Amino acid sequence: MRQHHVGAIILAGLLTSCGGADATDPMQPPGPTELTGEKFTATWGPVMVPAGQENTQCAVLTLDNEAPIKVHQMRNVLGSASHHMIVYRDDASAEQPTPVNCKPFAGTLTPSAATSPIMITQRSEEILTLPDGVAYTFAAHQKVRLEMHFLNATDQPQMITGTSEFYAAKPEQIRDEADFLFIGSPDINLAPRSTGVVDAFFTVPASLAGAKFFAITGHTHQYGTEMTVATAASRTDAPASVYAPVPFLWSEPETVKQDPPFEVPAGGGFNFHCGFRNTSNTTVKFGESTEDEMCFFWAYYYPSKGSRVCVHTIRASPPEGVDVCCPADPDDALSQLVCSYIATQL
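Residue numbering for the sequence shown follows the working numbering, beginning at 673 and increasing consecutively.
No lab work stands behind these hints, which were simulated from the structure alone. The model shown is predicted, which means the values in this text are computed figures rather than measured ones. Every residue, glycine too, gets a C-beta built ideally from N, C-alpha and C. There could be a bad hint or two in this list.
Restraint ranges, calculated between C-beta atoms of paired labels, are given here [said to hold, decoys possible]: (1) PRO919 / ALA881: 26 to 36 Å; (2) ALA766 / PRO722: 23 to 33 Å; (3) ALA1005 / GLU706: 41 to 51 Å; (4) ASN953 / ALA881: 45 to 55 Å; (5) THR715 / SER784: 21 to 31 Å; (6) PRO919 / ASN727: 39 to 49 Å; (7) ALA739 / PRO718: 29 to 39 Å.
The calculated lysine-lysine pairs, modelled on PhoX-like cross-linking and capped at a C-alpha distance of 25 Å, are [what the hints assert, rightly or not]: (8) LYS929 / LYS775; (9) LYS884 / LYS929; (10) LYS842 / LYS775; (11) LYS929 / LYS711; (12) LYS842 / LYS929; (13) LYS884 / LYS977; (14) LYS977 / LYS842; (15) LYS929 / LYS977; (16) LYS842 / LYS711.
Construct the entire structure; sequences and hints are all you get.
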């Protein structure tokens, strides 16, 4: 029973996500950002979405790069009603240029996974420039999956589209591979007309020791009022702040670049905090809808030790809770169990 209970909680935590789009881009310094190198492009849609419809759909596209490339910059552009788009390298799926219904993070959660997230965008335009000497490696004719979560909140049909651009650096300039970590908690229960918080400590897997984190984005839904992230040697040690935008805007959360990148203390982890103000007349819990809530963040790092999708929850084992990461480390029996369970549901 406990195994199924933990799996159900983590499944809920991993399979839902949404955000907002905005025209500004705090990842970059003021003024135009130069995009350099040969450009390769993949486009989701366009798709005509009926009024009031919310969904997640994926397209798998093949880039026209004739040889392997080192992607040092990415630019995502989203149309109206696009809540967010996740970009993956996908070495497992067949080409599917027409968007179809899909589940978030499908195919990414087992050690043999050939699909990995590399960027999430919640804005109408966002540019990700990796640190000097760092890139994502793409094979020749690399397949990419574009996962679009959209909501047409208007009373008229809307055309939705999304484009991801990949800019290649000179291979001799690259020394490290980038990767991606996604962390959150489903432990949200807000009474009507009340405030509440989520305070969690996630212990980073030992296999990620030495990872250098260079950018972080926080994520809540409409009742989120603040989101902070810090590192600490343990849940009782003093935290060091790495993400604390003021104000925190849930619909356009800031991506904070870390220059120089930081490392998590050996054996330590991330303290993360979300504040909420429930202005509705109903109880708000964790979920995908804009009437539900979330408390997540994602972080970009190098050198690559694999992409991970991770959850901390106190529901399964209070008061300290449990940490689960997928794909799981070989010596993490709980994560192996939960990840295997989730993989069967995708």
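Each hint tested on the structure:
1. PRO919 / ALA881: 26 to 36 Å: holds, 34 Å
2. ALA766 / PRO722: 23 to 33 Å: holds, 28 Å
3. ALA1005 / GLU706: 41 to 51 Å: holds, 48 Å
4. ASN953 / ALA881: 45 to 55 Å: Distance hint for ASN953, ALA881 holds at roughly 47 Å.
5. THR715 / SER784: 21 to 31 Å: Since the Cβ atoms of THR715 and SER784 sit about 29 Å apart, the hinted range of 21 to 31 Å holds.
6. PRO919 / ASN727: 39 to 49 Å: The hint (39 to 49 Å, Cβ to Cβ) is violated, given that PRO919 and ASN727 are roughly 30 Å apart.
7. ALA739 / PRO718: 29 to 39 Å: Given range 29 to 39 Å: holds, Cβ gap about 30 Å.
8. LYS929 / LYS775: violated, 29 Å
9. LYS884 / LYS929: holds, 12 Å
10. LYS842 / LYS775: Violated - the C-alpha atoms of LYS775 and LYS842 are around 35 Å apart, more than 25 Å.
11. LYS929 / LYS711: holds, 23 Å
12. LYS842 / LYS929: Judged against 25 Å, a Cα distance of about 23 Å means the pair holds.
13. LYS884 / LYS977: holds, 11 Å
14. LYS977 / LYS842: Holds - the C-alpha atoms of LYS842 and LYS977 are around 23 Å apart, at most 25 Å.
15. LYS929 / LYS977: holds, 20 Å
16. LYS842 / LYS711: Distance of about 13 Å is within 25 Å: holds.
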